[in-house]
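Under the working numbering, the first residue of the sequence shown is numbered 1, with each subsequent residue one higher.
Misleading hints may appear alongside valid ones.
To be verified - In silico lysine-lysine, DSS-like type, Cα no more than 27 Å apart, as pairs:
| id | residue 1 | residue 2 |
| --- | --- | --- |
| 1 | K115 | K138 |
| 2 | K58 | K92 |
| 3 | K173 | K41 |
| 4 | K163 | K138 |
Said to hold, decoys possible - Label pairs and their in silico Cβ distance ranges:
| id | residue 1 | residue 2 | range |
| --- | --- | --- | --- |
| 5 | E179 | S123 | 50 to 58 Å |
| 6 | N88 | K41 | 50 to 58 Å |
| 7 | R183 | K155 | 24 to 32 Å |
| 8 | A119 | A176 | 29 to 37 Å |
| 9 | K131 | D80 | 31 to 39 Å |
| 10 | Q150 | N186 | 46 to 54 Å |
| 11 | E159 | D80 | 53 to 61 Å |
Hints listed in this document are in silico derivations from the structure and should not be mistaken for laboratory results.
Glycine residues also receive a C-beta, built at the ideal position from the N, C-alpha and C atoms.
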Amino acid sequence: MKRTSHFFVLALLALGFTACKQTEFKKTKDGFPYKIFSSGKGEEIKPGYFVSLHRTSKIEDSVLETSYGNPPQFLPIPKDSSAAGGGNELMKMLLEAREGDSIQINQPVDSILSKNPMAAQDSFIVSNKGKNLVTIFKVVDVFKTEEEAQAAFEKQNIEAYNKRPGISEQRKKDEAAIEAYLRTNNIQAQRTPWG
């Protein structure tokens, strides 16, 4: 019994040290803490690749904006590694990430206000002095070529278009009218991905 409780305590300590290690944040050039949450299994992001990602910005439990509910945003990673890692902090972070990873950036609201006087016009931002603006980027897909990224972008736009209310009913009417016209005029046609 005593041996089991010692083993349990050691297991809890190991779990605690692992959890502490997973919460370590690096700092951007401007001193903002960031962390990449990774499973280590997805495709690595390299210069010249393209990524699709979602973004959520919040202060505590108040979500300011999110791209969820819409298709992911596409972003090219510059081919020149010095440009990719140069002045753009997000590019540097993405080059450390993989497909499926999340990147969390914590920006103190006070720092945002001191560096961006226009932010002082936003009463919500001003009312949250002393707190952090937390932005989370979720890497959805990684594409090695522009052609792969373009094909995925077109596919997601077609899917989003087809999900719009009333589209399927209108499409059925349009297709029937087009088919009738093509048959009547003996025209051969090929259907595009958009229909």
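Comparing the hints with the structure gives:
1. K115 with K138: Holds, at roughly 26 Å.
2. K58 with K92: 22 Å, holds
3. K173 with K41: 46 Å, violated
4. K163 with K138: Holds, at about 23 Å.
5. E179 with S123: 50 to 58 Å: 56 Å, holds
6. N88 with K41: 50 to 58 Å: With a Cβ separation near 26 Å, N88 and K41 fall outside 50 to 58 Å, so the hint is violated.
7. R183 with K155: 24 to 32 Å: 30 Å, holds
8. A119 with A176: 29 to 37 Å: Given range 29 to 37 Å: violated, Cβ gap about 54 Å.
9. K131 with D80: 31 to 39 Å: Taking Cβ atoms as reference, K131 and D80 lie about 37 Å apart, which means the hint holds.
10. Q150 with N186: 46 to 54 Å: 35 Å, violated
11. E159 with D80: 53 to 61 Å: The hinted range 53 to 61 Å is violated for E159 and D80, with Cβ atoms some 33 Å apart.
Violation of the numbered hints given earlier is confined to hints 3, 6, 8, 10 and 11; the remaining hints are satisfied by the structure.
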